[in-house]
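Student: The chain contents come next:
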Amino acid sequence: MPKTHITMKVNGSEVEGLAEPRTLLVHFLREQAQLTGTHIGCETSHCGACTIDIDGMSVKSCTMLAVQANGAEITTIEGMANADGTLSPLQEGFRMMHGLQCGFCTPGMIIRAHRLLKENPSPTEAEIRAGISGNICRCTGYQNIVKAIQYAAAKINGVEFQEAAE
Amino acid sequence: MNDMTPTREQREAALEGMGCRRKRVEDIRFTQGKGNYVDDVKLPGMLHGDFVRSPHAHARVKAIHTEEALKVPGVLAVITAETLKTVNLAWMPTLAGDVQMVLADGKVLFQNQEVAFVVATDRYAADDGVSKVVVEYEPLPVLVDPFKAMDPDAPVLREDLAGKTVGAHGPRKHHNHIFEWSVGDKELTDAAFKKAEVTIKEMISYHRTHPSPLETCQCVCAFDKIKGELTIWGTFQAPHVIRTVVSLIAKIPEQKIHVIAPDIGGGFGNKVGAYPGYICAAVASIVTGKPVKWVEDRIENLTATAFARDYHMTTEIAATKDGKVTGLRVHVLADHGGFDACADPSKWPAGFFNIVTGSYDFPVAHLSVDGVYTNKAPGGVAYRCSFRVTEAAYCIERAMDILAQKLGMDPAELRLKNFVKPEQFPYHSALGWEYDSGDYHTAMRKMMEAVDYAGLRKEQAEKRAAFKRGETREIMGIGVSFFTEIVGAGPSKNCDILGIAMFDSCEIRLHPTGAGIARMGTKSQGQGHETTWAQIIASEIGIPADNIMVEEGNTDTAPYGLGTYGSRSTPVAGAAIAMAARKIKAKAQMIAAYKLEVHEDDLEWDIDGFRVKGLPEKVMSMKDICWAAYNSVPPGMEPGLEAVSYYDPPNMTYPFGAYLCVMDIDVDTGVYKVRRFYALDDCGTRINPMIIEGQIHGGLTEAFAIAMGQEIRYDSEGNVVTGSFMDFFMPTAVETPHWETDFTVTPSPHHPIGAKGVGESPNVGGVPAFSNAVNDAFAFLGATHIQMPHDYWRNWQAAKNLGVVA
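Protein chains in written order, with the UniProt record's numbering: chain A, 1 to 166; chain B, 1 to 806.
Think of the hints as simulated: they come from the structure by calculation, not from any bench.
All C-beta atoms in this analysis are idealised placements derived from N, C-alpha and C, irrespective of residue type, glycine included.
Fair warning: there could be bad hints in the mix.
What the hints assert, rightly or not - Straight-line alpha carbon distances no greater than 25 Å define the calculated SDA-like cross-link-like pairs of lysine to any residue that follow: (1) Lys-132(B) with Pro-2(A); (2) Lys-34(B) with Thr-7(A); (3) Lys-34(B) with Met-64(A); (4) Lys-34(B) with Glu-73(A); (5) Lys-34(B) with Asn-11(A); (6) Lys-132(B) with Thr-44(A); (7) Lys-23(B) with Glu-160(A); (8) Lys-34(B) with Leu-87(A); (9) Lys-34(B) with Glu-14(A); (10) Lys-34(B) with Glu-160(A); (11) Lys-155(A) with Leu-70(B); (12) Lys-3(A) with Lys-164(B); (13) Lys-164(B) with Asp-185(B); (14) Lys-673(B) with Gly-134(A); (15) Lys-23(B) with Glu-14(A); (16) Lys-42(B) with Gly-134(A); (17) Lys-290(B) with Gln-32(A); (18) Lys-3(A) with Leu-70(B); (19) Lys-42(B) with Lys-155(A).
Stated by the list, open to error - If the Cβ cut is set under 10 Å, some of the chain A residues that face chain B in the computed set are: (20) Glu-14; (21) Cys-42; (22) Thr-44; (23) Thr-76; (24) Leu-117; (25) Gly-141; (26) Tyr-142; (27) Val-159.
Unchecked claim - DEER-style ranges, computed between Cβ atoms: (28) Thr-513(B) with Asp-84(A): 51 to 61 Å; (29) Asn-157(A) with Trp-793(B): 38 to 48 Å; (30) Leu-188(B) with Gln-162(A): 31 to 41 Å; (31) Tyr-630(B) with Thr-124(A): 55 to 65 Å; (32) Val-159(A) with His-428(B): 54 to 64 Å; (33) Asp-84(A) with Val-598(B): 44 to 54 Å.
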């Protein structure tokens, strides 16, 4: 099958490569760009494990073609840490609030939460739950993921995080 | 002592030992996308394999044409049963003593069964190849309903078993019969029913569902022809067992097989067994001489690898008029699909279903289970469950509610009246188990107080009256569940897998600087073992948890263990850790005595080292003992500080809990809302409360999914109609209720640290709580038992059947 030359900016670096018209973006990122932090859980856009940030939007990369991302600016989980290599508020929040167990949904969940907090810096619990409803987690029951996002929101907003009582 | 000397509390806290809400060490890599899962493994020249699968549930395979597929660019080989026969691998043994086709051999027995394996240079080419393989099928009559499996004219599914009147677990009554297993005293039980003042009888079904971890099953197999060695990276909950099984069936010496289970994206029982994909990838690597990767997609996962449950339980309780139970009689019809690939300890064809007497003091009981073949996928794994305990807990907890309804008693009161009493432990159940410890009354009363149970019942009575007056269309259900689990498989006297006793192991090796590594026979799939195992060691030998690295999953370096499933890691491997640590501590004491120039008996343990009795200033820390172990041990002693323990538990452990669900259901739409869910768990000693709560949240969410809609359903032709996340209920953050957790602590008397295991409890206790809430909501309208799953449509159907909606 003929291949197309594509380029994109991923986590601040130029990435280029050849892709078949049918190559899925998630495969391009995982196989060619060697960024295996983005996972595949269902191939049908339901689970959100493959969520990445493209040009300011959360996108499920298992149902987008690599050629459609030609020229795009992309952030994956590998681009989420602070510039000095320390954990960003969301990453720290997931760890502090026990917002992950097997870790398989975590990259997609953090990337989605990152965009959610850009869109709505101080979301309510209901807004967080709706905002991450495109991402399935099989381990945590979401409760601590909600807390992790609240923790990050507080830290980003420079206010003290108050954990809600059970 | 100056001000800089840490206090006892500070020294204790610095260890981050048992009881500490220690943050997880795994999270550093997982939150940065630096986990290493199987699909992340990439080897030079690696090929990809993909399956041709059957569209039919039952058909003869007349011919497989591979010529066109082999012309597809990138396709290197197409493996069929004929290929596998040359290496005697067309069939493989199952954990349940049956055999299973690796690739269709003459016929197919379920939809999406593996028919051929296409090997190509990348996953797209493999998929192209799959689409070009032409298979000629002759459809056969399909058997979907397990209740028709043993009809005289039922189609013959397993032609390979023709004439075999005895299976792995005794006589077979019919060509689709697998086994009959019975426990208990039938005569005494029948007698109890004859003289019973009150009896109930109900067929309680636990539908077929699927563990469906977010990462599917997958592997990479790399055969080195020069060395004759096979390396397998795979999603394995039990890597050592996989190595032994591969060695036995592929005839490769066990030392030349290297099994590596890297990070695993959830298991929940799905990743215990061996699947055709593993065998085919291994054979493909041997044939091509290149590494071969196989990655299952979600539809394949849901439809072909290891379902759970599918138990149909006819349940009877005998009781006195005032609500004292006098007998339990259960018959189970177990649907195993096309092959019996149930993952249980080998001698237990129905797992530990004989825990079905639950938390109640039944004087007599009898249980029988019939396993049958149908045209469905094989499996029967313990989906966050200790071998059919979930089915048993659902059975008895639903039945107790049905009895309460018949007696006009409150379901919580009925339970309190029949609980095994604290002074009865160790308690011998009518079906053969010895419960180690428990205090059920305290747990139940704590739950009732926490939720204001009496207040809830009062509110419910008012709402029911309002409904009858036509003032509301909403009904309120209160679901009570009190479960007793049996976990920690298990003692070698009754548990083995293919002849290997179900012990588990730990090797601890301490380094000169006061750090160390612990290697384990278990394998985390998200449970956080790297964090919690180090906490046990920290408390036992006073080395900070941060200084202990935990390693699992590599069969070359880890001591042999039976893996992680059935909530067995803490009860079995957790004990091995403590025992290995205690061996180290004993040697450390000898070294300390030598260095401090006192007798060993003059030393006492003090948080992180030894001190001389009566001389609190004369101490030697474990850190210093580690150093001494490598340069100045007593004469005659071997240097070094390490130990291995293989722990064969004397008994199972019996965690328990009291759960309550409050639910409101709109009868006109069937839409429900979980208003409140409270879960009290007693898992004995608590190692890391943060992780325990996380396990409870996750298990309750799975229980919610199963009870309220998560089902693998087949149509009459054997087509799976819930084969993707579109149809298979997978709750999101929006549907998932808020969870309240609580606990009591009743340590296990036989476990070195008193821990019982907790991972599965919320799934076991959660499902009956949800289902009892739905049934309780409809009870005042005349319902006695409504089958799961309770989705909106079925709730609406229930309301219709009861005549409250037109």
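Student: Out of the numbered hints, which ones does the structure contradict?
Tutor: 10, 11, 12, 13, 15, 16, 19, 20, 24, 27, 28, 30
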